[in-house]
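Novice: Okay, here's what each chain looks like letter by letter:
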Amino acid sequence: AQSVTQPDIHITVSEGASLELRCNYSYGATPYLFWYVQSPGQGLQLLLKYFSGDTLVQGIKGFEAEFKRSQSSFNLRKPSVHWSDAAEYFCAVGASKGNTDKLIFGTGTRLQVFP
Amino acid sequence: DTGVSQDPRHKITKRGQNVTFRCDPISEHNRLYWYRQTLGQGPEFLTYFQNEAQLEKSRLLSDRFSAERPKGSFSTLEIQRTEQGDSAMYLCASSLDGGDTQYFGPGTRLTVL
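These protein sequences, in sequence, are chains R and S. Sequential numbering from 1 applies to the first sequence in this note's numbering. Sequential numbering from 116 applies to the second sequence in this note's numbering.
Next comes chain R alone, as it looks inside the complex (with noise of 0.2 Å):
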């Protein structure tokens, strides 16, 4: 079955430090993979997506995400936080076109910058 593993409940970084936050997925095929972005009391907005190609995909807000099949990880990295950046970060898995697909999203990852 799908499944997505965001090990890291909580992080802290100060602002301008880099950030990793990791994803693991479990899908027996070539996975479509996504990070979403969700702020107190709003929905999800999408930050990135991977589909195929370039394992090293770019999205909004200057994150970017790597797609590691070896590991079956797709971490969001970005190299310098700022303050708006503070919110819960979801990783979520998708079924191959042509299929069910709906999102199988991790518990998420809440978080805090300090100035």
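Hints may be right or wrong, so weigh each one.
[As the list claims (entries may be wrong)] Not everything, but these chain R residues come out facing chain S in the computed CB check (under 10 Å): (1) V4; (2) Q6; (3) S26; (4) K49; (5) C91; (6) G94; (7) G106.
Treat the hints as calculated values from the structure; they're not laboratory data. Cβ coordinates follow ideal geometry from the N, Cα and C atoms, glycine included.
We have chain R already, so just place chain S on it with the hints.
Specialist: Positioned in the frame of chain R, the structure of chain S alone reads:
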């Protein structure tokens, strides 16, 4: 393109009452999804539509829950005889087709007293 919209944004109800939520997807998006998110958890899939056809329902969707998308545009999610365990954020998303990016609405937060 105004994005996915949901109404109401907040709903407070008493246990045993019925509630209905509405979702308006991005125009021309064929697929529409409902997810439920409880505190401290990621969203969990409830059901999805391809145009007006409901193609899959999660086992999370008990008999008290029903969803419709009568004309292949907006969708409604009804919960009958609400229970305190139904308190959650109900998220709607839409995509152009299967496997495409899902765009989420702001959600409806339900509180059952």
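Novice: So, for every hint listed, does it hold in this structure?
Specialist: So, going through the hints one by one against the coordinates:
Interface hint status for V4/R: upheld, as the beta-carbon distance to the closest one in chain S is roughly 8 Å, under 10 Å. With 10 Å as the threshold, the beta carbon of Q6/R comes within range of chain S, its nearest partner Cβ sitting at about 8 Å, so the hint holds. The beta carbon of S26/R is not positioned within 10 Å of any beta carbon in chain S (closest approach about 15 Å), and the interface hint is therefore violated. Here the hint on K49/R is kept, as its CB sits about 6 Å from the closest CB of chain S, short of 10 Å.
The criterion of a C-beta within 10 Å of any C-beta in chain S is met by C91/R, whose closest approach is roughly 8 Å, and the hint holds. Look at G94/R: its Cβ gets to within about 7 Å of chain S, closer than 10 Å, so that hint holds up. Of the supplied interface hints, the one on G106/R holds, with its beta-carbon coming within about 5 Å of a beta-carbon of chain S, less than 10 Å.
When each numbered hint is compared with the structure, a violation occurs for hint 3 only.
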